[in-house]
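Student: Now for the letters of each chain:
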Amino acid sequence: SQQGEEDPQALSIQEGENATMNCSYKTSINNLQWYRQNSGRGLVHLILIRSNEREKHSGRLRVTLDTSKKSSSLLITASRAADTASYFCATDPTSGTYKYIFGTGTRLKVLA
Amino acid sequence: DAGITQSPRHKVTETGTPVTLRCHQTENHRYMYWYRQDPGHGLRLIHYSYGVKDTDKGEVSDGYSVSRSKTEDFLLTLESATSSQTSVYFCAISGGGAGGVYEQYFGPGTRLTVT
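Protein chains in written order, with the numbering used here: chain F, 1 to 112; chain W, 1001 to 1115.
FYI, nobody ran anything at the bench for these hints, they're computed from the structure. Please note that a few of the clues may not be correct.
Quick list of the computed label-pair ranges, beta carbon to beta carbon [as the list claims (entries may be wrong)]:
hint: 1; chain 1: W; residue 1: Thr1115; chain 2: F; residue 2: Asn38; range: 34 to 44 Å
hint: 2; chain 1: F; residue 1: Ala112; chain 2: W; residue 2: Lys1053; range: 43 to 53 Å
hint: 3; chain 1: W; residue 1: Thr1115; chain 2: F; residue 2: Arg60; range: 35 to 45 Å
hint: 4; chain 1: F; residue 1: Arg41; chain 2: W; residue 2: Thr1013; range: 20 to 30 Å
hint: 5; chain 1: W; residue 1: Gly1040; chain 2: F; residue 2: Thr27; range: 34 to 44 Å
hint: 6; chain 1: F; residue 1: Gln14; chain 2: W; residue 2: Thr1077; range: 41 to 51 Å
In silico DSSO-like cross-links for lysine-lysine, where the CA-CA straight-line distance does not exceed 27 Å [claimed, not checked]:
hint: 7; chain 1: F; residue 1: Lys26; chain 2: W; residue 2: Lys1057
hint: 8; chain 1: F; residue 1: Lys70; chain 2: W; residue 2: Lys1070
hint: 9; chain 1: W; residue 1: Lys1011; chain 2: F; residue 2: Lys26
hint: 10; chain 1: F; residue 1: Lys26; chain 2: F; residue 2: Lys69
hint: 11; chain 1: F; residue 1: Lys70; chain 2: W; residue 2: Lys1011
hint: 12; chain 1: F; residue 1: Lys99; chain 2: F; residue 2: Lys26
hint: 13; chain 1: F; residue 1: Lys56; chain 2: F; residue 2: Lys70
hint: 14; chain 1: W; residue 1: Lys1053; chain 2: F; residue 2: Lys70
hint: 15; chain 1: W; residue 1: Lys1011; chain 2: W; residue 2: Lys1070
hint: 16; chain 1: F; residue 1: Lys99; chain 2: F; residue 2: Lys56
hint: 17; chain 1: W; residue 1: Lys1070; chain 2: W; residue 2: Lys1053
hint: 18; chain 1: F; residue 1: Lys69; chain 2: F; residue 2: Lys56
hint: 19; chain 1: W; residue 1: Lys1057; chain 2: W; residue 2: Lys1070
hint: 20; chain 1: F; residue 1: Lys70; chain 2: F; residue 2: Lys26
Source: prediction; values computed, not measured. Every residue, glycine too, gets a C-beta built ideally from N, C-alpha and C.
Starting from the given sequences, assemble the full structure and let the hints guide the process.
Tutor: Below, the structure written as structure tokens:
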């Protein structure tokens, strides 16, 4: 399988705490993206980081990328109950086909 | 929400019957994708299209075919449905980003049950 792996598979934290989830992938990439999926809904794009970038911020989100280790992390600061969702990374391989490869996801539960 | 719809939203069918799922977009995006989502597997690409009449296989294409006769519609067909194709199917579109970098917009999903 070409799929990436996400770690942890599930995470439960208290409101106000930070949540960190990790993504590992297997091929060289153009960019890596993070998506959120609320239960029973489609995925929503959160943030994109290019292969020549090491860190990116968007509001309470911070993404890092280490291409030498083929890994990325997503940090959500000051989490809220509304952040409860599954989070997926997706990689855009350098093959140029735009055939994105998704990770298996991290289920985040934020307790109020 | 991006202008992307899927139909039907729910379907129950019997083993061996043909099934067609439709994805419709109003965004004029070039790329369209069909994924399936199963517990423990995340999203897996079935087929994708990079233009009208241009399609390519994904990771789990066996038992599925697709067609794209116009920009806005991408059809996924299960020629003879099997119980292993019970899943949630998502359509996605992309193709409007700057600098050749594209984010994907997802439809609401179709829950298919094959009995």
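Student: Take the hints in turn and mark each one as holding or not.
Tutor: Hints and how they fare:
1. Under the hint 34 to 44 Å, the C-beta atoms of Thr1115 of chain W and Asn38 of chain F, about 28 Å apart, miss the expected range.
2. Checking the proposed 43 to 53 Å range against Ala112 of chain F and Lys1053 of chain W shows it holds: the Cβ atoms sit about 51 Å from each other.
3. Checked against the hint of 35 to 45 Å, the pair Thr1115 of chain W and Arg60 of chain F passes, with Cβ atoms roughly 44 Å apart.
4. The hinted range of 20 to 30 Å is satisfied by Arg41 of chain F and Thr1013 of chain W, whose Cβ atoms lie roughly 23 Å apart.
5. At about 21 Å, the beta-carbon gap between Gly1040 of chain W and Thr27 of chain F misses the expected band of 34 to 44 Å.
6. Under the hint 41 to 51 Å, the C-beta atoms of Gln14 of chain F and Thr1077 of chain W, about 47 Å apart, fit the expected range.
7. This hinted pair checks out: Lys26 of chain F and Lys1057 of chain W have alpha carbons roughly 19 Å apart, not beyond 27 Å.
8. At roughly 37 Å between alpha-carbon atoms, Lys70 of chain F and Lys1070 of chain W are farther apart than 27 Å, so this suggested pair is violated.
9. Between Lys1011 of chain W and Lys26 of chain F, the direct Cα distance comes to roughly 35 Å. Violation of the 27 Å bound is thereby established for this hinted pair.
10. Annotation: proposed proximity of Lys26 of chain F to Lys69 of chain F holds, straight-line Cα distance about 10 Å (limit 27 Å).
11. Restraint check for Lys70 of chain F and Lys1011 of chain W: the C-alpha separation of about 39 Å exceeds 27 Å, so the hint is violated.
12. At most 27 Å may separate the alpha-carbon atoms for a hinted pair to count; Lys99 of chain F and Lys26 of chain F meet this at roughly 14 Å.
13. Of the pairs offered as hints, the one joining Lys56 of chain F and Lys70 of chain F holds, with about 16 Å between alpha carbons and a cut-off of 27 Å not exceeded.
14. Restraint check: the Cα-Cα separation between Lys1053 of chain W and Lys70 of chain F comes to about 34 Å, which exceeds 27 Å; the hinted pair is violated.
15. Under the criterion of a C-alpha separation no larger than 27 Å, the hint pairing Lys1011 of chain W with Lys1070 of chain W is consistent with the structure, at around 24 Å.
16. Restraint check for Lys99 of chain F and Lys56 of chain F: satisfied, since their Cα atoms lie roughly 23 Å apart, inside the 27 Å limit.
17. For the suggested pair Lys1070 of chain W and Lys1053 of chain W, the alpha carbons sit about 8 Å apart, so the restraint of at most 27 Å is met.
18. Restraint check: the Cα-Cα separation between Lys69 of chain F and Lys56 of chain F comes to about 17 Å, which is no more than 27 Å; the hinted pair holds.
19. Restraint check for Lys1057 of chain W and Lys1070 of chain W: the C-alpha separation of about 19 Å stays at or below 27 Å, so the hint holds.
20. Between Lys70 of chain F and Lys26 of chain F the CA atoms are separated by roughly 7 Å; this keeps the pair inside 27 Å, and the hint holds.
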